[in-house]
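Chemist: What follows is the residue order along each chain.
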Amino acid sequence: MWRQWIPFWQPGLSPHSGDVDLLFTGLLMVSALVIGLLFFLLTLFCARYRAGNQTDRDHRVKKSWHWEVSWTAASFVCFLGLFVWGASVYFQIYRTPADEHDVFVVAKQWMWKTQHPGGQAEIDALHIPIKRPIRLVMASQDVIHSFFIPALRLKHDVVPGRYQDLEIEVDKPGHYHLFCAEYCGTDHSGMIGEIVAMEPADFSNWLTQQAPSSTLASEGGQLFRELGCSGCHSGGGTVRAPPLEGVYGKPVPLSDGTTVIADDKYIRDSILLPRSQVVASYQPVMPSFEGKVSEDQLLRLVIYIKSLAGHSS
Amino acid sequence: MSAKNYLTADFTLRSWFLTTDHKRIAILYFASLIFFFFIGGAAATAIRIELATPQADLVSSDVYNRLFTMHGIIMVWFFLIPSIPNTLGNFIVPLMIGARDLAFPRLNLMSWYIFMLGGCVTLFAILAGGVDTGWTFYTPFSTLYSNSYVIVAAAGVFIAGFSSILTGLNFIVTIHRLRAPGLTWYRLPLFLWSLYATSVILVLATPVLAITLLLMATERFFGVGIFDPRIGGDPLLFQHLFWFYSHPAVYIMILPGMGVINELVSCFSRKQVFGYKFVAWCSLAIAAVGFLVWGHHMFVSGQSLIASLVFSFMSFIVAVPSAIKVFNWTATLHKGSIHFDAPMLYALAFIGLFTIGGLTGLFLACLAFDVHATDTYFVVAHFHYIMVGGMVTAYFGGLHYWWPKITGRLYSEYWARTAAILIFFGFNLTFFPQFILGAEGMPRRYHVYPPEFQVWNVLSSGGAAILAVAYLMPLFYLGYSAFFGKRAPANPWNAPGLEWQTSSPPPEFNFAPQPVVTREPYQYNERFEAEPQNA
Chain A
0 MWRQWIPFWQ PGLSPHSGDV DLLFTGLLMV SALVIGLLFF LLTLFCARYR AGNQTDRDHR
60 VKKSWHWEVS WTAASFVCFL GLFVWGASVY FQIYRTPADE HDVFVVAKQW MWKTQHPGGQ
120 AEIDALHIPI KRPIRLVMAS QDVIHSFFIP ALRLKHDVVP GRYQDLEIEV DKPGHYHLFC
180 AEYCGTDHSG MIGEIVAMEP ADFSNWLTQQ APSSTLASEG GQLFRELGCS GCHSGGGTVR
240 APPLEGVYGK PVPLSDGTTV IADDKYIRDS ILLPRSQVVA SYQPVMPSFE GKVSEDQLLR
300 LVIYIKSLAG HSS
Chain B
0 MSAKNYLTAD FTLRSWFLTT DHKRIAILYF ASLIFFFFIG GAAATAIRIE LATPQADLVS
60 SDVYNRLFTM HGIIMVWFFL IPSIPNTLGN FIVPLMIGAR DLAFPRLNLM SWYIFMLGGC
120 VTLFAILAGG VDTGWTFYTP FSTLYSNSYV IVAAAGVFIA GFSSILTGLN FIVTIHRLRA
180 PGLTWYRLPL FLWSLYATSV ILVLATPVLA ITLLLMATER FFGVGIFDPR IGGDPLLFQH
240 LFWFYSHPAV YIMILPGMGV INELVSCFSR KQVFGYKFVA WCSLAIAAVG FLVWGHHMFV
300 SGQSLIASLV FSFMSFIVAV PSAIKVFNWT ATLHKGSIHF DAPMLYALAF IGLFTIGGLT
360 GLFLACLAFD VHATDTYFVV AHFHYIMVGG MVTAYFGGLH YWWPKITGRL YSEYWARTAA
420 ILIFFGFNLT FFPQFILGAE GMPRRYHVYP PEFQVWNVLS SGGAAILAVA YLMPLFYLGY
480 SAFFGKRAPA NPWNAPGLEW QTSSPPPEFN FAPQPVVTRE PYQYNERFEA EPQNA
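Chains A and B supply the protein sequences, listed in that same order.
The first sequence lines up with residues 0 to 312 when you count with numbering that gives the first Met the number 0.
The second sequence lines up with residues 0 to 534 when you count with numbering that gives the first Met the number 0.
Just chain B, same shape as in the assembly:
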């Protein structure tokens, strides 16, 4: 190891906390997100232990309500939304387009500080006594009736939102302005198309969340009638505003995951992604139509039946591009040369779990069935299939795929495959029974429940135990490999992407000579029979 890379360039604390290197900022994000993931996971563990029996035995109702609120707030805003964009995206985007850094390196660092400030404010709300409104902050409960740290928690989310906006902005400008010579839009890897779509949503939707939280705090603090009918407000107005952000936010969470899957499926079947242009435009279609479906969270709220009709229709429409992507990934496998390395196992798990999550999304878009299933465990199961089965699985897949590039080390393939398989089974055992619970009518956010629901709850809690162990495993074998693993070559997967054309880990400024792109992405064909160098 002669030349210095971005990790060995400087070892001082100052060089980390004042860095403007996108790769180091990605590492800062990565460390922060692990921390938040395990806090949110701890809350989930407590919830699943409590729900193993129908009675209240572990915690009181007030504590239970604070647990699921904390789980939701931390996982949505401090793990899922920043997960792929801010860690993998931050690290890989400039490498993928052949740039030295993002367009605004200092803004990138500022976005991390804002994120951490928001995180600390939210953690303070939790430590001071918690919040019991649910992550949705529904009014008038949150503005008048809740006796908890609502404004502090909302302030944390409000602050973190600015970090999202800055990251989105940075990606949009970077992808527009800093592409290497020859890297036209249709030569961009699909990961970038989906991050671009994600960034557009981040920039357009997040301000609406900020406004909504501000209005909520105004009503709670000053008693101005906005959402509370007693002082002239309308509670449904809050839901419209909140979901106008929070439904597109679902696509903020899943689009980057889909982007990662394109890279994985293509690399490990040694083949170009089938229907490249369709998949690229599907990302943008999802981002656009995703803004028009928010009312499907309100089919039983008392909004007009005609509004429900329109939102139901749009919700079916937004499912079409997602379905197209699944078909294209499957078609990519056709006549490929498929390697079952750990990232590919995650990718295959993603396709299966995302499809189940997507299909059950159709159940909920279907008006009459939603009347029965909304606010039950069916919804809980559905969005965990998308968020955890989809997004978190893709995150782990991407993390393993780019791990050699990020750390310059190879992880243990044996342990990685074991963890991937364990996560798959643990996940299904945890969340599939929740579909059945929901169909039988068990409402969500229930601390105690009628005894006939216990069987499925016990199965779910058992699955959660497996899942918890499985999620801890990468912490150990990846952590070990970061320090003691075999050194990785520049291109361990034998992949054609630009990020693999520089050393692992990359030097401080990524590329010595400016790379020039002359081909379409995913040109695996000519090295079709070649085995990866480390195999």
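The following block holds chain A by itself, in its conformation from the complex:
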């Protein structure tokens, strides 16, 4: 209802965007009050105390400290309220995503490449089912990009060298803008796409129609063999390497005595920087694959290793 008070603003389309809209309305109302009061006083003083106007100028406020303390306190309390409100919504927006339907996003100059686990790939577009949280796993091939859907009031930078998770959920079917919001070079303003939100049934149909011959996991498995990973990690090899079956999502003891959860980020880092976090009781002998695999290939490897999660080692 309160969205209609901001006539130029398109309503948001997700549960979180409603919270952001309400926050925006709140900020606008606070601002309107402050500006209204200030402009009223400025106008009043300028009119009444203009030079030459005969009016009472005696009994000026001499001691100012109680005024100072009161408007300092008032500003502080008001700001504190806005801070708490904004922060609580922020934590909901960026909460750790529920691991449901994963979509993989690779940003590069100047396109968005999106892939579903079944292997359905798109350029500058992303089909998703409505009313269902989707976890995006985003990576950048080159410079910093920023994944921005105005209709969801949602944005996150995609920084090269790391994975970024982001949860999105859309309430209504439709086509929505996807922008790159972080300046990324020549064709920055051409790095736009659309989010196509569909009824779940339509989405299943779409997935089936688009289904390629192989899934991302099976392509990853193929890479796993081509790059020679299987030589050591699949047992039977001459070099001792930790087996990868059942590893995903489990705690892994490291040689320095600490433990990490084997998530997407850990697996990615282990491929690119294998000597930074070595599994306990193994030798740091794995070569780095930095510069040898693209973000697309990395994603497939990660998904393949993830697909081994159900297997027992």
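Think of the hints as simulated: they come from the structure by calculation, not from any bench.
For every residue, glycine included, the Cβ atom is placed at its ideal position computed from N, Cα and C.
Among the hints, a few may not be true.
As the list claims (entries may be wrong) - Which stretches of chain A does chain B cover? Using the computed rule of at least three CB atoms under 8 Å from a CB of chain B, they are:
1) 28-41
2) 145-155
Said to hold, decoys possible - Simulated pairs of lysine to any residue, SDA-like, Cα-Cα distance not exceeding 20 Å:
3) 334/B to 60/A
4) 107/A to 482/B
5) 334/B to 42/A
6) 276/B to 68/A
7) 107/A to 61/B
8) 334/B to 59/A
9) 62/A to 301/B
10) 107/A to 276/B
11) 171/A to 68/A
12) 61/A to 333/B
13) 291/A to 276/B
14) 107/A to 444/B
15) 334/B to 51/A
16) 264/A to 228/B
17) 171/A to 134/A
18) 130/A to 60/A
19) 276/B to 67/A
20) 334/B to 271/B
21) 62/A to 482/B
22) 291/A to 228/B
23) 3/B to 312/B
With the hints as your guide, set chain B onto chain A.
Modeler: Frame of chain A, contents of chain B only:
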């Protein structure tokens, strides 16, 4: 005109380019800054013309990217940062404290030469082919992917930074050491308090910018992995370092503007600034807390959520002293005797525009809304309300206020008021629609954009046309008055500040007998009903 003043003391070129007189150096800066202002303004004009339609029609993307980068670099480092401190500050600080010159007159001249060297290097980068990184030089785009004159442009900014440091140092020492007898800290005009706070930031923050640019150039030139993840660096490290300078730099730009407003509001309501001590200490509070808010530029970058929480909180805190200042200026008007001369029109415009800029700053400090609004036109509108609506307005206000002192001539009040009003309307028409664009989600630095954003862009470009004309006007009527204007008396505004106690324009060494201060500043009360001499 019998006695010689600083303008008529010597007419040779040598006497200008080797001068150590703070007033002449201020004039050198003034001429240089006009030049840079109109270069930066030309880039802005081209940008606004291009954005009048959603398609690319005037320039290609590569040229567009170079235009906004040039606009940013020139306006930030070669206009806004030196604007009030190096022109008005240079001229007025020694006069305000009753000194013959700044503490280090030769250093002052050297700072101008360094500034011009930095400016020339930057202009060379632009003429050679331009830079397309944006003024923020974000890595790894700037270190690996950009195919433009990044190192040359960064070198220009790096060099200009030393000029900032020297100026800051000079002001700090001058304000500490050269105050006239009786001029205690609490008798200083508030302009000096804010310049003092500004100088502290200049000296402490600028070296960090130099280090950051040096690291960036090292990575780009030698391939040392600092910011690029492919060779073991971290791109966010650059943002932390860059904003550790560049957020305090925002206060370098706005604090001197606030200082000018104190002088104007007080003079034209014929009343002491309300809550003098609060306003003075607010300047220092802003300078101090301003160092602790840089992470609010990175709420969506992937920095830890807890870090974002702390930076958001500190950003709300830093807004408190700014709010206090606005309330104090308003309270100063209460029971004053308000004259609406051109400088006062600028001051009133400043209060309104700065408040809008400040309030929208709260929107952006507010974490969840920033996720939506950051990197959109909302941010562009916000910082233009502060930088242009605030700082440039204050600069014009101060320029008109001290113009009779600087040139010894009076400008046309009619044209000055017309320009002030035109700037106010042109400014709002240019930048208010950009808030709406940003709220609707139009990202910044977009050369082409979806057609639904066109209406607001056309309004903004229309406003920019008015603003361009309005900004050109002072060039003509002020320029005319400098040569043909009526001669100004020593104290045209009937103001009690020390700078008005000497002739207009001042003699070479400012004061014949050393002035002695016996009163607090802004003692307008006893001449309460007196009209300015030129009215």
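Chemist: Compare the structure with each hint and give your call.
Modeler: Consistency of the hints with the structure:
1. 28-41: holds (count 8)
2. 145-155: holds (count 8)
3. 334/B to 60/A: At roughly 9 Å apart (the allowed maximum being 20 Å), residue 60/A and residue 334/B satisfy the hint.
4. 107/A to 482/B: Violated - the C-alpha atoms of residue 482/B and residue 107/A are around 58 Å apart, more than 20 Å.
5. 334/B to 42/A: Holds, at roughly 13 Å.
6. 276/B to 68/A: holds, 13 Å
7. 107/A to 61/B: Given that 20 Å is the threshold and the Cα spacing comes to 18 Å, the pair holds.
8. 334/B to 59/A: holds, 7 Å
9. 62/A to 301/B: Roughly 48 Å separates the two Cα atoms, so the pair is violated.
10. 107/A to 276/B: Cα-Cα ~54 Å, so violated.
11. 171/A to 68/A: Since the Cα atoms of residue 171/A and residue 68/A sit roughly 49 Å apart, the hinted pair is violated (cutoff 20 Å).
12. 61/A to 333/B: Holds. Residue 61/A to residue 333/B sits at ~12 Å (cutoff 20 Å).
13. 291/A to 276/B: violated, 63 Å
14. 107/A to 444/B: Holds, because 17 Å separates the two Cα atoms, which is no more than 20 Å.
15. 334/B to 51/A: Roughly 12 Å between the alpha carbons, so the hint for residue 334/B and residue 51/A holds.
16. 264/A to 228/B: holds, 14 Å
17. 171/A to 134/A: holds, 18 Å
18. 130/A to 60/A: Cα-Cα ~60 Å, so violated.
19. 276/B to 67/A: holds, 10 Å
20. 334/B to 271/B: Distance ~11 Å between residue 334/B and residue 271/B Cα, so the pair holds.
21. 62/A to 482/B: violated, 46 Å
22. 291/A to 228/B: Holds, at about 14 Å.
23. 3/B to 312/B: violated, 56 Å
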